[in-house]
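Engineer: Residues per chain, in single letters:
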Amino acid sequence: MKDVIRSNGIEIKKIISQQIVLRSSGNSDFNGVVNKALKLLPPSDNLRIVTNDNFILAKMSFDQWNLVFKKDIEQKKFHKLCDTFNKSSSILATNLTDSQIFFQVGGDNATMILNKLTHFDFREKSFKPFTAAQTLLARIDCSIFNLDNVILLSCGRSFSDYLEDRLIDAVNL
Amino acid sequence: MSELNLTDNKFIQFHQKIGFKFDGVKYYGYKGDTIASALLRNNLKLIGRSFKYHRPRGFYTCGIEEPNALVQIISEYSEPNTRATIKKIYEGMEIESQNRWPSLETDIGSINNIFSPVFPAGFYYKTFMGPHKNFWKKIYEPIIRKAAGLGKPPKEFKAVSTHLHHNVDITIVGGGLNGLIAAKSLIDTKYSVLLIDFDDQLGGILNNSNKVLSVNNQTPMDWISETVKEIENSKNIKILKNTLVTTYNYINHLIAVEDKFVGSRPLKDKVNSTLHKIRTDQVILCNGHIERFLSFQNNDLPGIMLCSSFEKYMCRYGVLPSKETVIFSNNSNSESLVFSLIKKGFKPKAYIDSRSGENIEPDLFDLIRKNDIPLYTNSQIKGAYGNKKLQKILVEDSSGGVNEIKTDFLCLSGGINPDVHLFTQSKGLLDWDEKDLTYKPAQAFQPTITLGSASGQFDFNAINKEINEKLVIFGIKPVQIKLELNTSHKFKIEKLWEVLPQKQTIWSKSFIDLQNDVTTKDIRQAISEGFDRIEHLKRYTTNSMGTDQGKISSINALGIVSDLLDKKVNEVGTTIYRPPYAPLSFAAIAGRNSYEYYDPERKSPIHNWHITNGAVFEDVVQWKRPWYFPINKDETMDEAVQRESKNVRENAGVLDGSTLGKIEIKGRDALAFMNLIYTNSFSKMKPGTSRYALMLGEDGMVKDDGIICKISDEHFIATTTTGGAATVLGCMEEYAQTEWPNLNVYMNSITEQYATINISGPKTRNIIEKVFPEVNFSNEAFPFMTFQFHEYEDTPIRILRASFTGEMGYEIYVPSNQALKIWEKIISFGKEFGLMPYGTETMHLLRAEKGYIIVGQDTDGSITPLDLGLDWMIGKSKKDFLGKRSLIRSDTVRKDRKQLVGILPTNKNEKLEEGQHIILDKEIKTPTPMLGHITSCYQSPTLGHNFALAVIKNGQSLIGTKAFASTPELKTIEVEIVEPIFYDKENSKLAS
Amino acid sequence: MLIIDCPYCGPRDQSEFSNGGEAHVKRPDGSAEIGDREWGEYVFIRANPKGIFYERWVHSHGCRKWFNCVRDTSTDEILKIYKIDEERPKLDSFKNNVKTPSGEPNLGSGNFTVKK
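Residue numbers (my numbering), protein chains in the order written: chain A, 95 to 267; chain B, 60 to 1051; chain C, 63 to 178.
Hints may contain errors.
What the hints assert, rightly or not - Below are the EDC-like pairs computed for lysine to aspartate or glutamate, each with C-alpha atoms no more than 20 Å apart in a straight line: (1) A:181 - B:793; (2) B:327 - A:218; (3) A:219 - A:255; (4) C:177 - C:166; (5) B:937 - C:91; (6) B:938 - C:147; (7) A:171 - B:850; (8) C:88 - B:757; (9) C:145 - A:157; (10) B:329 - A:263; (11) B:938 - B:758; (12) C:145 - B:793; (13) B:329 - B:150; (14) B:494 - B:417; (15) B:294 - A:218; (16) A:108 - A:259; (17) B:683 - A:259; (18) A:171 - B:853; (19) C:177 - B:793; (20) B:382 - B:456.
To be clear, the hints were calculated from the coordinates, so they are not data collected in a lab.
Isolated chain A (complex conformation) (with noise of 0.2 Å):
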């Protein structure tokens, strides 16, 4: 974890997490291999979020989950993990913890400050919390976790420094 800035009513914290990407129908098979291995039942709705000590688990899209951990666990069991889900032909779980940076977003202004950034709509009624979405900010496909007190950015890893970067300079201007 490494601050970035903290400023103007906003605090951002750049994060290195692991990350799975799960791809699925969602059928009951699905759910028994995860539930199974993580003790978190996938959500359904689109865009909901689960959570527990160790993982938030978020729908991102008809057959995607994301599954971040939220402290990490030794690359053995990291990677037998991927594999017990991947033992199933119908489902694709791809180690992407190198492809994601993530960025923790918080403070009273967050999202006024982020909407120089995006057209998302941040309000409560349109974003709940524990709920995910994917957007556009700074022109990157960014993915954002409303996890009620703080929000969750992630982007692409090739895209970390310009993203830093854009964060900064509008906490600045």
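Starting from the known structure of chain A, fit chains B and C onto it as the hints suggest.
Structural biologist: For chains B and C alone, coordinates are given in the frame of chain A:
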């Protein structure tokens, strides 16, 4: 300082003097002044020269509708075309007038006014046609551009601007009387509300005139400050001041620009303006009205101004533009000005009204009589005269007699229009009001409410009823506002668009568009020439096409046209008001998406190493890729590329290939899916092997290529080109969802998960065996086009044996977080074998020697696999794949298609260039039939001369013949057409 | 900018979406029995009417799901959004039907400013 100051004004801070320069002369104004109010304070009335005839012009209005007073702000990166009537002054501001030379007083361009009879409507279209087509471009246009126009574009320009998005329930445009009442009634409701006003003071008409004497028994000023305080203290309403809504798009999407430095010099590196992008459920337009002018001879002279603008200068800016003005009106809106003047102890020099005495408001009539103001009823101004300023007017009275009045100032009112620009931008429809003689909003297309004069409601007494009726949908408590007025509450007007002059000469000018110098004569001429549709007429005469969009005059033009055509105004219609409402700067539109953030930058996980090692970068889509690695600052790109290429051929080189697209594909039907997406057949492929594959569009043209690794029938990893990564994934997803939803298949992009390290060259094996000692890299254990998974210090990696250089090579796929570590290890272990990093340019050279294509360089969307000689890659036994059927269309089986060939100069010292045409004739005669063009061309360090790839008509059958490459100097170079491969034709190196 | 009600993510700004042209164009399989004309029409020919149009969109910067919609191209109104596997709605179920010869509705096309 000036006897024109009204020092009891509350908005201008008379204790704070501000110095500024206009055309090099120093003037003083006060805090709160606009350029216009400050110059008027200094009794300066000439502000600029007109667009076409260079006529002297003054301040016509006191707001954004201003057609004349455009100035250049030298102290702000020379910002041109700034409206002097809204731009506030600050200490040290430097302003210049525009469109004059050598000076505003003596402008040589004003000779155009004398020649004006030869500049009628459509002048340019008719005149500059000959004698040769080049005359327009080379002679006429440059001269016209120099003479005509507005300000000069700034040369050095770097304004900082940000964007800010809003998502709200209700947006109120305009914080005048109606806007404030509407906002106040929404305090502490469930709605999030944005209240936007262009001024830095809310209150609108209450500040700008004396029409309203009290609101709910308070002075307007007290009522405003109390109401604004209540709104500011509410949690659900946000106020944006100094913000102009310029655009009203579909689905209640508004664009507004906020000036962050009103009345102060913009600071460098601070945000100068914010572009607000507002999405709202409901819009309430309270943006008021605009007064019209009237057309008569020389109605453009400095010293002529609109009535309500004169009153606004008095009330809002505490300056009296003139102590003695004549007023000319056809409606009741001028009443308030008379009242305001008398209240301040002044009186008009004369009051002229086109209406008869009994039609003039009785209050006004009494006021004029009581104060002994010369009154001309049933009268009209025939013309205004003077040299660079108004000196006298001619008035035709009710008896038909013509009277001369000497005056230096004249106020005009030709009626008022609801400011319908935003409403029509929202696609709402207008309707002509025969009584009030103006277009009013009639039918909204979007959830739009109009209030007050913006809705055409000119009666102050109807305010409560209108608000309560229209805002009932929000469930607000009914409002009850009590207004005390100084004037009659009902608006009355009599039709008058133009007064014809006493004597018409060819120099007579009655303007209908001040900014574009369009006269009523031009309108008549356009109609007589058949341009009688209003949209045609607008473009032919350029009426209302200036930056002010004819805000004070376009309705007058409609009135004149309707009279000329003897049609109702509704039948004539209006032209469409298009966004933006007023000009906004490109800097505001660009926001932060400019300069360093012009395009998002993507970096490979090894990027920092490249920087440390002196790489020169190349943009490939959004990626920054090392182009070449000069060993010192003296080494040129050519030298570096020759050195890098030679080294790969002799020793080994390493390339950062991380930008390659990578897609993981999995599912029960993955094999069937891959067989449909790519031309190749993957059915007989063994797990652990890989294959070079082509992807076509449905038109049969090559769209992308890459290497497919088969893990099992249910699991594949595909690579794509750097540029094609997003398209290929998108294409796979599209077909999986739309055409073959029955196939069980999923894909994830793993482009950024894995870095790709490509090592190739004859010494590759020595290096890689040292880096991964536990892996057996022998030909038998690890043959060409196979891949293996391994672990490297607990990191799972994948090694693929493949080559894009023609040498033996491996691609190592490493999780990005470990990539730098492994890269550095390879570099250090490879040193003893002469390993060097190389960039994209060397990669391109090496692959071209080997005849490997680059999709998008050697192909251009019109090349099939057959054109490339890649027939072997087509799974002919497959029933279907993307674009298969197109490969047997009559067009794709044509014999004379352009096909990929190699090109060598006959004289080996000649240099070829990419893009050169290949032709058959040694002498270039125009037109010369072209065979095709060179797509890739390099100097080969291995061959010792130039070589090229080209696509030429019927190329495959021309191999072995001679042709010519044409140079830009129209010379030709003799070339041989050869097979498109120049290195290791036997492929002995790949599997060595 | 439109607001498009993605059937999976709800209403979002148009900038998140990409247009995929005419909907309900059946892809013939790629076999040789398909005639040049039929295949050529599938590859190259798309309708582009003024008025009501069935078209495809993809939420390309969101959930990446394809869906269909009915849009009045003369007013930009999106009249119906439905999933890719759902039946297409009938034209006469939309009240904003094309009436004038040029396909111009009285309100919303932006080509008229005055009530007639």
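Engineer: State for each hint whether it applies.
Structural biologist: The hints, checked one at a time:
1. Taking the CA atoms of residue 181 of chain A and residue 793 of chain B, the gap is about 26 Å. The hint is violated against a cut of 20 Å.
2. At most 20 Å may separate the alpha-carbon atoms for a hinted pair to count; residue 327 of chain B and residue 218 of chain A exceed this at roughly 37 Å.
3. With a C-alpha separation of about 32 Å, the suggested pairing of residue 219 of chain A with residue 255 of chain A is violated against the 20 Å cut-off.
4. Between residue 177 of chain C and residue 166 of chain C the CA atoms are separated by roughly 14 Å; this keeps the pair inside 20 Å, and the hint holds.
5. Distance restraint check for residue 937 of chain B and residue 91 of chain C: the Cα-Cα separation of roughly 11 Å lies within the 20 Å cut-off, and the hinted pair is therefore satisfied.
6. Among the hinted pairs, residue 938 of chain B with residue 147 of chain C is inconsistent with the structure: their alpha-carbon atoms are about 25 Å apart, more than 20 Å.
7. Restraint check: the Cα-Cα separation between residue 171 of chain A and residue 850 of chain B comes to about 15 Å, which is no more than 20 Å; the hinted pair holds.
8. Between residue 88 of chain C and residue 757 of chain B the CA atoms are separated by roughly 13 Å; this keeps the pair inside 20 Å, and the hint holds.
9. Restraint check: the Cα-Cα separation between residue 145 of chain C and residue 157 of chain A comes to about 15 Å, which is no more than 20 Å; the hinted pair holds.
10. The straight-line distance between the Cα atoms of residue 329 of chain B and residue 263 of chain A is roughly 11 Å, inside the 20 Å bound, and the hint therefore holds.
11. With a CA separation close to 17 Å, the supplied pair residue 938 of chain B and residue 758 of chain B stays within the 20 Å bound.
12. For a cut-off of 20 Å, the pair hint linking residue 145 of chain C to residue 793 of chain B stands: about 14 Å separates their Cα positions.
13. Pair hint residue 329 of chain B plus residue 150 of chain B holds up; C-alpha atoms about 18 Å apart against a cutoff of 20 Å.
14. For the proposed pair residue 494 of chain B and residue 417 of chain B, the alpha carbon gap of about 17 Å is at most 20 Å, so the pair holds.
15. Restraint check: the Cα-Cα separation between residue 294 of chain B and residue 218 of chain A comes to about 15 Å, which is no more than 20 Å; the hinted pair holds.
16. At most 20 Å may separate the alpha-carbon atoms for a hinted pair to count; residue 108 of chain A and residue 259 of chain A meet this at roughly 12 Å.
17. Annotation: proposed proximity of residue 683 of chain B to residue 259 of chain A holds, straight-line Cα distance about 16 Å (limit 20 Å).
18. The suggested pairing of residue 171 of chain A with residue 853 of chain B holds, with an alpha-carbon distance near 12 Å, which does not exceed 20 Å.
19. About 44 Å separates the Cα atoms of residue 177 of chain C and residue 793 of chain B, which puts this hinted pair outside 20 Å; it is violated.
20. Of the pairs offered as hints, the one joining residue 382 of chain B and residue 456 of chain B is violated, with about 24 Å between alpha carbons and a cut-off of 20 Å exceeded.
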